[in-house]
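Those sequence lines, one after another, are chains G and L. Start counting the first sequence at 58; every next residue gets the next number (the working numbering). Start counting the second sequence at 826; every next residue gets the next number (the working numbering).
No lab work stands behind these hints, which were simulated from the structure alone. Given the structure is predicted, the values throughout are model-derived calculations rather than measurements. Some hints here could point you the wrong way.
Subject to a maximum C-alpha distance of 25 Å in a straight line, what follows is the list of computed SDA-like cross-link-like pairs (lysine to any residue) [to be verified]: (1) L:1122 / G:286; (2) L:1122 / G:267; (3) L:989 / L:965; (4) G:67 / G:242; (5) L:1066 / L:1113; (6) L:1066 / L:1122; (7) L:1124 / G:242; (8) G:67 / G:250; (9) G:186 / L:1122; (10) L:1066 / L:986; (11) L:1124 / G:260; (12) L:1122 / G:274; (13) G:186 / L:986; (14) G:186 / L:989; (15) L:1124 / G:286; (16) G:67 / G:260.
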Amino acid sequence: MMLSVNREQKLNISFIALLFILPAVALSMDEPFYITLMTKVVILAMAGVGLNLALGLGGLISFGHAAFFGIGGYAAGILATHYMNDELLFSAFGYEYFGTDNMLAIWFAAMFVGAIAAIIIGYFSLRTKGVYFIMITLAFAQMIYYFAIAWPTYGGEDGLSIYVRNNLFDLNTLDPIIFYGICLSLLLLVTFLVSTLRNSHFGSALQAARQNEQRLASVGIRPFGIQLTAFVISAMATALAGALFADLNRFVSPDMLSWHTSGEIMIFVILGGVGRLFGPILGAAMFIVFEYYLGGITEHWGLFLGIALLAVVLFARGGIVGVIAGEVKHD
Amino acid sequence: MTLTLFFEQLLNGIQFGMMLFLMSAGLTLVFGVMGLINLAHGVLYMVGAFACALVAGITGSFWLGLVASLIVAAMAGALIEVGVIRRLYKRDHLDQVLATYALILIFSEATRWLFGSFPLYLDVPDILAQPISLFGLLDYSSYRLFIIFVGIIVAIGLYLLITKTRLGMRIRAGESDREMIAALGVDIRTLYTLVFALGAALAGIAGALLGAVQSVEVGMGGPVLILAFVVIVIGGIGSIKGAFIGALLVGVVDTMGRFLLPYLMTFLFSPETAANVGGALSSIAIYILMAGILIVKPKGLIKGAGS
Chain G
58 MMLSVNREQK LNISFIALLF ILPAVALSMD EPFYITLMTK VVILAMAGVG LNLALGLGGL
118 ISFGHAAFFG IGGYAAGILA THYMNDELLF SAFGYEYFGT DNMLAIWFAA MFVGAIAAII
178 IGYFSLRTKG VYFIMITLAF AQMIYYFAIA WPTYGGEDGL SIYVRNNLFD LNTLDPIIFY
238 GICLSLLLLV TFLVSTLRNS HFGSALQAAR QNEQRLASVG IRPFGIQLTA FVISAMATAL
298 AGALFADLNR FVSPDMLSWH TSGEIMIFVI LGGVGRLFGP ILGAAMFIVF EYYLGGITEH
358 WGLFLGIALL AVVLFARGGI VGVIAGEVKH D
Chain L
826 MTLTLFFEQL LNGIQFGMML FLMSAGLTLV FGVMGLINLA HGVLYMVGAF ACALVAGITG
886 SFWLGLVASL IVAAMAGALI EVGVIRRLYK RDHLDQVLAT YALILIFSEA TRWLFGSFPL
946 YLDVPDILAQ PISLFGLLDY SSYRLFIIFV GIIVAIGLYL LITKTRLGMR IRAGESDREM
1006 IAALGVDIRT LYTLVFALGA ALAGIAGALL GAVQSVEVGM GGPVLILAFV VIVIGGIGSI
1066 KGAFIGALLV GVVDTMGRFL LPYLMTFLFS PETAANVGGA LSSIAIYILM AGILIVKPKG
1126 LIKGAGS
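Kindly generate the complete structure, drawing on both the sequences and the hints.
Here it is, written out as structure tokens:
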């Protein structure tokens, strides 16, 4: 039993090392494009790490995490646009707010708005179970998606451009390697927090709720509160990823909110290995590498991606981590 | 706003609902009998539309195209079931979602490869091209009336099939106790393939019928699939009756919402704001409806086999 756990840890450590080494190699070879590609991996991985908390540990199959990803993106886009144009965002008690280009403030705003949305969506969705939960989370995400398309103030269907990447301290965030460093630090921080949560009392209760709600309730813990908390934290991580994604592309559009995005985030998690700490990170990396290399060879890369995904579901249960490190062992 | 326009929109809503019913009937049946979430159902809608456009293009007959859509979609359904879906019945919903999402990618790209990215066009048959006068009150598209008619025929047919035939009896038995009917000697694998092909054929017909009103293109199944899910969740997963009620509800609420809400908002806001608010609200009306129904009845309106 110790061996397989060690194997997963070894895999995780070597993968972290790769996340540091590969960009350094790209930097030395003066290939900024690959750094940007890896930044995309790191950001999408963070969205997946967020979803994995709800889906992997909590068993809450949310088909609507694009909502939080997009909300984070729009939070970044809206704050930055107001700041650039010096437009009033809101005024309260005589205080007028014109947005900001400070990344720290934007991240907190993204997580805050994401959390509010998750409290509302989670509160109603968690009353349902199973396939109804999958569908109601999808419905809420679709609501926000169509709202973003129909509401013209922030670009509607065309989306919203962020003209200059936002600022963090005195760093030159436009330098690809520096922005990569920021994103990687946040990913490692979020992953560390999720790992801490997983090993805490809260994490045990969450996993117990997944396995048997009645049993958890019978020892005096209400599953609803635990699940809602997990759902909200999960949404906050995904919203933070959304804000970074907006900054990476300097563009936000309703695409970030579409059900295909929800599907893709879910793919990262399942491809990598549901409930595995590094599963979503490996899954996102695989997905982007696949998209990039196959996309270079054929425009019909989706076909091959589909076949590969199908093969993973049918034959490689437990995702990449499951195949390399073996099944999760229980005491 | 005139009364004529109101009735016209109401009929449009019912027509949309009937089309949604054709889509959702198979989806809800497959979930009820096999316990499978099938995201690839929209693919069968697309396959039906392409088969119809292709055959109608070659032979010049819409009706042959319609028959082709039925056959090709049923065959594609049977093929998917035997090749992939069959392995998923015992898996959890997560695996089913991912595998059928993969099927969407495969079928969409394969269709794009075969037919290119440009939409195909499918004309309404000549006999249904002229509007028809309803009670001397309004002129209404006879093709849309035909879609409503097909929807009603299919609903009656499905009702008879499920309640009066041996196959229907087996389907109902499969919904309530899988192990038991297998133990009684019913060939459950063939039954599942049949049910899946039946749902596929209905989706294919829906695609062909709507293909003549909209354009036939890759990805046309996506939005319809999501709506069909909204329908079966509202109606209660596994219930055909629920799917019928849900489909009509979604069709009418969506169509009437787009028509009435921007108008109603003018009583509350300035014209420009009213257009924005009305437009935004009407595009999310059905999702509000669905969330509202699930909050009051977490398992949908009609208790189906899926719950």
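field: Violations among the numbered hints, reported as their numbers in ascending order
entry: 3, 7, 11, 13 and 14
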